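Undergrad: Start from chain X and add chains W and G according to the hints.
Protein chains in written order, with the working numbering: chain X, 1 to 251; chain W, 1001 to 1224; chain G, 2001 to 2367.
Just so you know, these hints were derived from the structure itself, not from any lab.
Computed from a predicted model, the values in this text were never measured in an experiment.
Incorrect hints may have been included.
What the hints assert, rightly or not - Here are the simulated lysine to aspartate or glutamate pairs, EDC-like style, with alpha carbons at most 16 Å apart:
#1 Lys2086/G to Glu1121/W
#2 Lys129/X to Asp1083/W
#3 Lys129/X to Asp1085/W
#4 Lys137/X to Asp1186/W
#5 Lys161/X to Asp1085/W
To be verified - Residues of chain W clear of chain X, computed beta-carbon distances all greater than 10 Å:
#6 Pro1057
#7 Gln1081
#8 Val1134
#9 Ala1206
Here a beta-carbon is modelled for each residue, glycine too, at the ideal position from N, C-alpha and C.
One-letter residues, chain by chain:
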Amino acid sequence: MRPIVLFTVWLALAFAAPALPAAEITVFAAASLTDALKAIGTNYEQSTGDKMVFNFGASSTLARQIAEGAPADIFFSADEAKMDALERKGLIDTATRRSLLSNTLVVVVAADSDLSVTSAASLTNAAVKKIALADPKAVPAGVYARAWLDKQQLWAIVEPKVVPTENVRAALAAVESGNVEAGVVYRTDAGISKKVKIAYEVPAADGPQITYPMAVVKETRQPEPAKKFLQYLASKEAGQVFKQFGFILLE
Amino acid sequence: MTGEDWQIVWFTAWVSALSTLSILPFGLALAWALARRDWPGKSVVETLASLPLVLPPVATGLLLLKLFGRRGTIGGFLHGQFDLDVIFTWRAVLLALGVMSLPLLVRSARVAFEEVNPRYEQIARTLGAGPWRVFFTIIVPLAARGIMAGLILAFARALGEFGATIMVAGNIPGRTTTLSLAIFQDVQLGQDIHAFRLLGVSVVLAFAAVWTSEWLLRRRRKAP
Amino acid sequence: MAAAPEEKGAVNLRLKSIALPLSSFTLEVDVQIRSRVAVLFGPSGAGKTSLLDLIAGLRRAQSAFIQLEDCVLTDTNRGFSLPTHKRGVGYVPQDLALFPHLAVRQNLLYGCKSGRPPDAALFAFEHVTQVLEIQPLIPRRVTDLSGGERQRVALARALLASPRLLLLDEPLASLDAPLKARIIPYLLRIRDEFHVPMLYVTHDRLEALALADEMIVLSNGKTIQSGPVLDVFNRPVNTEAAKLLGVETLQPGCITAVQDGLATVQVGTAALTAPAPETVARDVIVCIRGEDVILQREATTLSSVRNRLPARVTAVHAEGALMRVELDAGFRLFARVTRPACDELGLCPRAAVTAFIKASAVHLVPR
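Here chain X stands alone, though its shape is the one from the complex:
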């Protein structure tokens, strides 16, 4: 009697346990990567069985959280500055750091708006009362936007109209709601929203260099699965998805 019970218990346990020990990978990523990474993550989960947990937000906020000890395995930032800051604090596995993606800045307006934006100077028109940007003091999208306007020497004139938001998606939402006349976001953000349309695409020469560095966080509990995911992000498969959403591949 007893051996049979033991055998049955062992069988049950054997089938209850997964075939391979699966990892749970936590990725802190810039808000503009939300849709692309979710799609890539789903594919990855299906093929490897690892579980993806994403935390999307402003890169500045995420960097801060990691510095405070938040349990991230991977940091995918929207600008080099935030990654540099963490690297200086020794929180990044520098060997794994690479920059894959770039993006374009665009000026968006509400889908039903008849506002015409032909250049940066259009933003100085009286018709444009409020412009939503991700907080230009810290959030990459806002920092880039400010850099662009600085280069055109229009920042001082435009600044009084700026409504700083917590992250780039919040700026997008502000334009969608109609509470601001225009917003400066990434082309990839404009792509996912039906309620806004692109009024002007910032030429690469006019704007700052936009890059999205990614790296494994040093304090990660599962360095191997994290590195594996990072490699997957650099793969052709993932690249296709990024391109689909409008990102520019750097390599």
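TA: Same frame as chain X, now just chains W and G:
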């Protein structure tokens, strides 16, 4: 503390004071209606008036955002008719502060009104005073201490308001940045020392306000 | 504004079809008051204050028609009720309700700015404060005043609003006897100098007797009796009224004979002579007021008093300036005598006396 810091403190103080003054007439009227009469739908209004106290402030902020945005019922009207924007301006700060602190004023004032002996009101009427005169010369003076305490409490609440404010006003430097929003942003940017400085000012302001309110309530009222 | 009153300072107040449900009964009143001072008399909780509130417009009734002179104040049939502040009805409540946050002067002047033009000379500030002797109190705070002073200030305040009718709710209830006696003259002055009609609520017989022209007896919300004050006191219409009006001796009796309008009544073991009631019945209640019983030590032989009863004192109680003497005269009899008289006669339990009761003081209420 820089000039910019003092601008934030000054802005916070005057917009809180203005919002408290703005809700005063409406708050007193509502408190009076809840204190004296019984009318159909009273319990619904009672609950609504207490809602901002109980709902998460961001939830209240969301409701205000939808209502006063350019596409909202009230916001659309203001934008269309008067070219007046509320969201992302100092008016939104005023609105958020007012809505969040109103329940505190109404509660205190209501209790104060309920404690006024109805006989005084009745006798004043027999002496020929109409309802407005009775309210301002008899009811309000006799309820003054409780009303004052409520006002100060509302002011203190306005000083510290964050959740609803950030939803409707954004955090526009020099325009809608209040002490709480500034502290939040400092933490976001990693500027802890500056945050603590502003925190110190907040504590001083809030302490003074609440202490005064408690002192007013503690003083014995004259026996009617 | 007002139709010429029958007497200067008399009111014409019509209270018709009043129905106001209260906690344990419904207040129902239907009277017409025409006098300078009318008293609403009755025990506590009879609905007197509620009636005053209705007249002042401070309460709404299920049904009411109230007319003062030729001005309709309330008419529930038409859904009409004149707001309180337009009624011109002054009110002095039991707790006086002097505004604590205002000084005496502001209290007094509160009613002066009303829309109705004051009768200039009559209700002038100086005149009123002089008549009620409150001029030295004017600069003081309300909380510094004594009971009697507060009373007079409350009266003055109501007067200074030039009311057409003054309602007073047991104004002397919280005062002791000497103070009451001192305030009553002021009330009389209000009646005589200002000609303001008054409706006065009290459960004190002496106040009623002192002030009233007309009296309405209220019990459990119903009017038991109304009419000129002495009539009501002397001729209670039923036992309840009699009890309320303080006719002390109430005993069952049996009419044994009626001759020439005089009835012989058997009460206990005594026989009394009394005027026969209108409706002659065999069983009656005999009502005798204590004040109408004279006590003597020796029985005299010839006297106009028809009823001379040997009696024995059973108890003596002090009541104000008088003594209430309980006797056994073949039935339980009460008499009121002065204290000196009591001492002179040596009235104490078991003393033997003769009780003299005039026939006309024996009131028979048919059962």
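Undergrad: For Val1134/W, is the shortest CB-to-CB distance to chain X above 10 Å, so the non-interface label stands?
TA: Holds, since 45 Å exceeds 10 Å.
Undergrad: Is the straight-line distance between the alpha-carbon of Lys161/X and that of Asp1085/W 16 Å or less?
TA: Satisfied, since the Cα-Cα distance of roughly 13 Å is no more than 16 Å.
Undergrad: What's the verdict on Lys129/X and Asp1083/W, does the C-alpha distance respect the 16 Å limit or exceed it?
TA: holds, 11 Å
Undergrad: Holds or violated: are the alpha carbons of Lys2086/G and Glu1121/W at most 16 Å from each other?
TA: holds, 15 Å
Undergrad: Holds or violated: are the alpha carbons of Lys137/X and Asp1186/W at most 16 Å from each other?
TA: Within the cut-off at roughly 11 Å; holds.
Undergrad: Please work out if Lys129/X and Asp1085/W have their alpha carbons no farther apart than 16 Å.
TA: With a Cα-Cα distance of about 10 Å, the restraint between Lys129/X and Asp1085/W holds, given a limit of 16 Å.
Undergrad: Classify the label on Ala1206/W as holds or violated, using whether its beta-carbon is more than 10 Å from each beta-carbon of chain X.
TA: Holds, since 25 Å exceeds 10 Å.
Undergrad: Determine whether the non-interface label on Pro1057/W survives the test: each CB of chain X must be over 10 Å from its CB.
TA: holds, 16 Å
Undergrad: Beyond 10 Å from every Cβ of chain X: is that where the Cβ of Gln1081/W lies?
TA: Given a closest Cβ separation of 16 Å, the condition holds.
The structure agrees with every numbered hint stated previously.
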